[in-house]
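*Asks:* All chains should be modelled from the sequences, with the hints used to inform the complete structure.
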Amino acid sequence: MNAEHPFLPEDFYVDWTRLTPERIVPDIEFALERARGNVEKIRAQRPEEISFDATLLGFARATRELSRVWGRVCHLESVENTPALREAYNAVLPRVTEFFSSLTLDARLWEKIRAAADAVPAGTLDATRRRFLEEVLADFRDSGAELPEAKKARLAEINARLAALTTKFGENVLDSTNAWEKFVADEAELAGLPESAKAAAAASAKAKGRAGEFRFTLHAPSLAPVMRYAESDALRREFWEASNAVARVGAFDNTANVREILALRDEKAKLLGFANFADCATSRRMAKSGANARRFVEDMRARVGKFFEKENAELVEFAREHGDATAAATGRLAPWAVGFWAEKMRRERYDFDEEALRPYFEVNAVIAGAFAVAERLYGIRIVEKSGVPVWHPEVKAYEVFDGERRLGAFYADWHPRETKRAGAWMNFLETRGEGVPAHLGLICGNLSPSVDGRPALLNFDEVVTIFHEFGHLLHHVLSEVEIPELAGTNVAWDFVELPSQIMENWCRRAESLGLFARHFETGEPLPRGLLEKLLRSQKFRAANFAVRQLSFGKADLDFHVETEKFKDCDFDEYWNVALADYLVPTAFPQTPNLCRFLHLFSEPTGYAAGYYSYKWAEMLEADCFTRFLNEGVLNPKTGREFREKILARGNAAPAETLFRDFMGRGPDPRALLARDGLAD
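Residue 87 in the numbering used here is what sits at position 87 of the sequence shown, and the numbering runs on without skipping anything.
Watch out, some of these pointers could steer you wrong.
Unchecked claim - Simulated restraints, written as ranges between beta carbons of each label pair:
#1 E87 / E511: 48 to 58 Å
#2 T17 / G453: 22 to 32 Å
#3 V436 / G606: 24 to 34 Å
#4 V436 / H599: 28 to 38 Å
#5 P393 / K288: 39 to 49 Å
These are computed hints drawn from the structure, not numbers from a lab.
No residue lacks a Cβ here, since even glycine has one placed at the ideal position from N, Cα and C.
*Replies:* Set out below in structure tokens:
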């Protein structure tokens with residue numbers, strides 16, 4: 001089978017060299033046929049054959065192979081999105097979607113699942129198995145198992161259409177991003193840009209056959225330095241307009257896709273008996289309803305309001321004093337000038353240029369630093385694994401041990417490519433249990449690449465990204481839940497960011513920075529003065545950062561709570577009028593990011609009605625981190641408890657229970673506000 005069907009997982013490590021686009025269709029079809037056969041055995045069980053193990057766990061086993069194959073295909077679609085792979089992916093997407101959607105709509109299968117649940121004597125299951133039973137029943141009910149046949153048929157149509165639309169949405173964002181580039185011949189036009197940004201642009205131009213020029217794209221490592229540092233207002237405006245046009249105009253316009261996705265989600269929620277999609281998405285999360293999630297967002301906005309207004313007034317005054325004509329004339333900044341003047345103000349206020357940090361954040365040293373923090377806290381050991389096939393030469397593989405016991409392994413792919421989607425993410429490929437010897441995962445990003453053979457040197461935001469995604473990875477590889485479907489990151493969506501966001505704290509503490517922040521050439525540690533400036537500057541415009549996150553959560557929930565209201569709305573008007581309290585006041589209208597908002601629209605659900613969870617989980621992690629602050633930032637006893645009570649337990653208990661087990665109480669939002677300097 002391994003020779004005939006390379007996508008089917010028989011070996012622990014994946015031989016990515018053999019996973020070619022032409023194998024996708026036959027391997028998916030083969031895996032689908034095997035999964036159908038496995039499911040049919042469950043459907044055909046006689047009454048005496050029905051049991052927890054044979055039926056409920058049997059149902060979980062029935063589709064694991066297909067899920068693994070599909071996971072590999074989806075991963076390649078994210079990191080090697082070539083025309084051939086895209087064509088194969090889109091060919092099988094409807095079939096895979098239809099199959100998985102059909103399971104919870106299958107009346108005979110639902111009959112067997114209920115019979116198995118009824119056959120379990122009360123009180124005979126341990127807590128994990130009881131949790132699994134509850135989750136399986138809820139999954140079926142929430143996916144339409146009890147709908148009449150006509151509504152089931154419509155739900156299946158909606159699921160298929162959402163899968164196609166959200167895939168197209170992501171393709172449009174990638175293609176539109178890649179369609180824009182700018183070459184600059186005169187270095188004088190790049191005044192203000194750091195040498196690292198110019199060197200990267202020069203290397204990019206050289207790679208395109210235009211040595212002596214500078215090439216810029218809309219990928220973050222290229223775009224961000226221009227918006228933050230370029231002295232030319234016209235240049236920043238050009239990049240701002242180009243970025244805002246991504247997937248918004250021309251052949252890649254996602255506007256119609258956004259409208260249809262919203263309408264279909266709303267219809268799906270109503271079919272399932274919910275008032276709106278936000279209620280559907282949050283019913284089994286910590287928030288419990290779309291209204292509760294929106295109240296949380298609005299309450300947080302109110303709590304930081306006076307700090308937000310004060311920060312914006314200070315920035316406008318700073319820009320006016322330093323000669324910004326728009327600020328002087330209108331009392332507001334142009335939207336493409338906000339980041340530029342904020343960086344100027346930060347450097348002046350703290351005598352701190354973040355670019356001075358780059359030599360101390362060489363990418364491999366930062367990765368090693370993240371590993372070192374985890375090793376001290378959680379008693380694990382992480383080693384690079386050589387000789388493992390990978391999907392790109394830059395990818396590395398690592399293994400995670402607890403003593404001599406291998407807990408898991410993972411791949412890391414950190415730098416941008418034109419065939420790779422934007423952003424940073426973590427995913428899992430294998431979950432330990434039932435024949436799988438260890439967890440297998442991956443972490444990906446789009447960080448500053450190396451230039452002219454020099455090591456890749458990161459800005460501080462990129463350092464935070466590594467720690468964040470590694471936190472997700474640890475949630476997977478440190479899981480000890482016996483049932484794979486409850487393991488690792490398979491938790492409530494507004495809890496899943498807790499393990500990732502709490503890791504970010506160790507980027508901002510002297511104790512942990514001392515483990516890895518060293519000059520890439522001399523090995524000298526990060527100077528104390530520079531470290532102090534970094535730490536002081538972390539609260540700079542903290543209210544703006546918070547409100548920016550809240551603005552995305554607010555828009556997300558508005559659209560998914562009151563979808564009908566937005567059926568024909570002017571998105572620009574909504575963004576600049578209804579959402580005005582969440583935006584930095586600017587002299588020109590701002591452009592909504594909906595048409596390129598991958599979190600909300602590149603998956604059938606994804607972060608839809610769930611973007612609030614970033615701030616929600618930030619509240620949770622800031623509260624949890626107070627224990628480390630009180631007991632020791634690198635205290636292994638506290639770390640071991642966090643591992644055992646949060647990371648190891650996956651979805652073996654409700655999120656509220658896990659949090660309370662670690663903290664001894666419910667969450668307190670004041671910890672987050674105090675940490676960010678936004679508490680009264």
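*Asks:* Each hint should be assessed against the structure and marked as holding or not.
*Replies:* Structure-based check of each hint:
no. : hint                    : verdict
1   : E87 / E511: 48 to 58 Å  : 51 Å, holds
2   : T17 / G453: 22 to 32 Å  : 26 Å, holds
3   : V436 / G606: 24 to 34 Å : 26 Å, holds
4   : V436 / H599: 28 to 38 Å : 30 Å, holds
5   : P393 / K288: 39 to 49 Å : 47 Å, holds
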